[in-house]
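Put together the whole structure using the sequences plus the hints.
Just so you know, the protein sequences line up as chains A and V, in that order. Position one of the first sequence corresponds to residue 0 (numbering that gives the first Met the number 0), numbered consecutively onward. Position one of the second sequence corresponds to residue 0 (numbering that gives the first Met the number 0), numbered consecutively onward.
Simulated from the structure, these hints should not be mistaken for laboratory data.
With a straight-line Cα cutoff of 30 Å, these simulated DSSO-like cross-link-like pairs (lysine-lysine) come out:
# : chain 1 : residue 1 : chain 2 : residue 2
1 : V       : Lys16     : A       : Lys157
2 : A       : Lys271    : V       : Lys201
3 : V       : Lys202    : V       : Lys108
4 : A       : Lys271    : V       : Lys198
It should be emphasised that the depicted structure is a prediction, and the values quoted were computed from it without experimental measurement.
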Amino acid sequence: MDVKLDGETVVDLKPVFGYLHRNHEKIAENISYLASMPFTDRLDYFNSMTNNWAYAIAAEKLVEIEVPERAEYLRVIMAELTRLVNHISLVGFFVNDLGALGTPLLYAFREREKILDLFEQASGARMMCNYLRFGGLRCDVPEGWLDRTRDVVDRFPKFLDEYEQLLCENEIILSRTQGVGNLSRDLAVSAGITGPMLRASGVNYDIRKVDQYGIYNRFKFRVPYSEDNVGDCYDRFMIRMLEMRESIEILKQALDGIEEGPVMGNAGKVFKPKPAEAYGRIEAPKGELGFYLVADGTPKPYRFRVRPPSFINLTVLRDMCIGQQVADAVIILGSIDIVLGEVDR
Amino acid sequence: MSLLGAGILKGMAVTLKNFIGSYFDKERLNTLEYIWQTDKSLPKRAGDYPKEEGEQLRPTTTVTNYSRNFPMLLHDDGEPMDTIRCVACQICERECPPQCIYIEKSGDKKERPGSKPQFYPATFDIDVSVCMSCQICVEVCPFDAIVMNSQFELSTPDRFNGLLLKRGDLLKSNQYYHKIHPEEAASRDKRIADDKAAKEAKKKAAEAAKEAKKKAAEAKAKSEAEANSKEESKDTSDTSQVFTQPNKEEGTE
Chain A
0 MDVKLDGETV VDLKPVFGYL HRNHEKIAEN ISYLASMPFT DRLDYFNSMT
50 NNWAYAIAAE KLVEIEVPER AEYLRVIMAE LTRLVNHISL VGFFVNDLGA
100 LGTPLLYAFR EREKILDLFE QASGARMMCN YLRFGGLRCD VPEGWLDRTR
150 DVVDRFPKFL DEYEQLLCEN EIILSRTQGV GNLSRDLAVS AGITGPMLRA
200 SGVNYDIRKV DQYGIYNRFK FRVPYSEDNV GDCYDRFMIR MLEMRESIEI
250 LKQALDGIEE GPVMGNAGKV FKPKPAEAYG RIEAPKGELG FYLVADGTPK
300 PYRFRVRPPS FINLTVLRDM CIGQQVADAV IILGSIDIVL GEVDR
Chain V
0 MSLLGAGILK GMAVTLKNFI GSYFDKERLN TLEYIWQTDK SLPKRAGDYP
50 KEEGEQLRPT TTVTNYSRNF PMLLHDDGEP MDTIRCVACQ ICERECPPQC
100 IYIEKSGDKK ERPGSKPQFY PATFDIDVSV CMSCQICVEV CPFDAIVMNS
150 QFELSTPDRF NGLLLKRGDL LKSNQYYHKI HPEEAASRDK RIADDKAAKE
200 AKKKAAEAAK EAKKKAAEAK AKSEAEANSK EESKDTSDTS QVFTQPNKEE
250 GTE
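Here it is as structure tokens:
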């Protein structure tokens, strides 16, 4: 960040990024559709499952493949577990930025570890899962996996209670986050902010409810959003805590509803769509993650574009920071929840 | 807020509970051991894994039955190069997203037990410093020749040659695969057997169909021939009718 200061007050700020640019979109134009799937893991490396899903949705729109029921359920389970992983580590990093070094972050990582173990058992890798495929999943989950997931999900609220007790009423956190980094509803909407950040500014908008992609219309869950027009760091922090509770509700319903069956639809061996274009989007833990694909009839995409939530949410950093203290700029950045792998691609 | 600092005290109570719990409560120790390990013979903690000679490239083993790291080439029972499954079709080389596989096809074909002679890879290198463990090569392989290993201790002082795995390093037996990924290997073997059975059944059916077709064709030919001969005989009879009036009765029969 290039920051101009007047004493301790931020006068101007410009985020400088691009140091993690890996040319993802151009590489994807030169390899087959399937071969781009592992690269999507590396966009937002905390949430590889949801990245896979957004890409799979875009590709499935191109050729209209049916996804089997069990695969849809497993996708929802994976996505919601990913949301837990993302939000819990975000909260940990956020209070780490506040100066609570170590303790809350390590508690968060202790819980994250359990979910990563589940990912490893299902997909073979802890973070770079590469688990979803066009038309389903790479393989079924191993025996007993659903019971272990249920175990983790059932224990999670207990940890959340403890975590809320630890953080939510802490006077230091309250005084450092309330009224800091305000983002008004109008600015959030006009800047194209999505995800928890938009909801913290008081807009009730969740793509899980709007698009109802996958089988989200079968689950009963609430979308937490702030009612006032403040949108400060504390709102953004609390929204994530509340969203985790709703994710657990979805997970419980999905684990009850899942049935035996195939996990892979009848996608052909060679993925070669006819000339068409498609935009697939999902509610990733950080906001709207979209993939725009243009097919030209060859096995490689003609154009491959990612709409990364982190990047677009980062654009309002300057507006939120001006007039704040320099120490608060760090917290505001932390509350946006960016992953630079996704910002730079 | 009733009392200033109450929230902080509450938080400190949680920390204290966790601190004490970390000595007694099994639930709070989960990062120390892999509690969900299904195979009890696998190491409990990093550091006390078994070391075997010969089977592995370096003294190392796997953490869980599900983890994947870098690819390896499979061979069946017998001499590795005689039973290697890879036929150097180079599909994995083409599909590999970071382009880390390098294959040279052999000039000659080699006898395989239970199949016709096939090509084999004269060179098969994987640069694991480039490989991103994505498993695409495993999925595209039509011969089930390449699967994921889970060796993770591959550190070496030689950055270039040390991390370039050659064919000899990559070749592993099917038993080794069964050892590190029991469930996956079993399902893969089952699928191979099913495919083979289906293929054989298809072949048999095709042969049977061929036979039937042949028989049908023969029968048809026979009947046609008969018909022809009949017609011919008719014809001849006709002609005979025309030309040989005295043999009329014989000819019509």
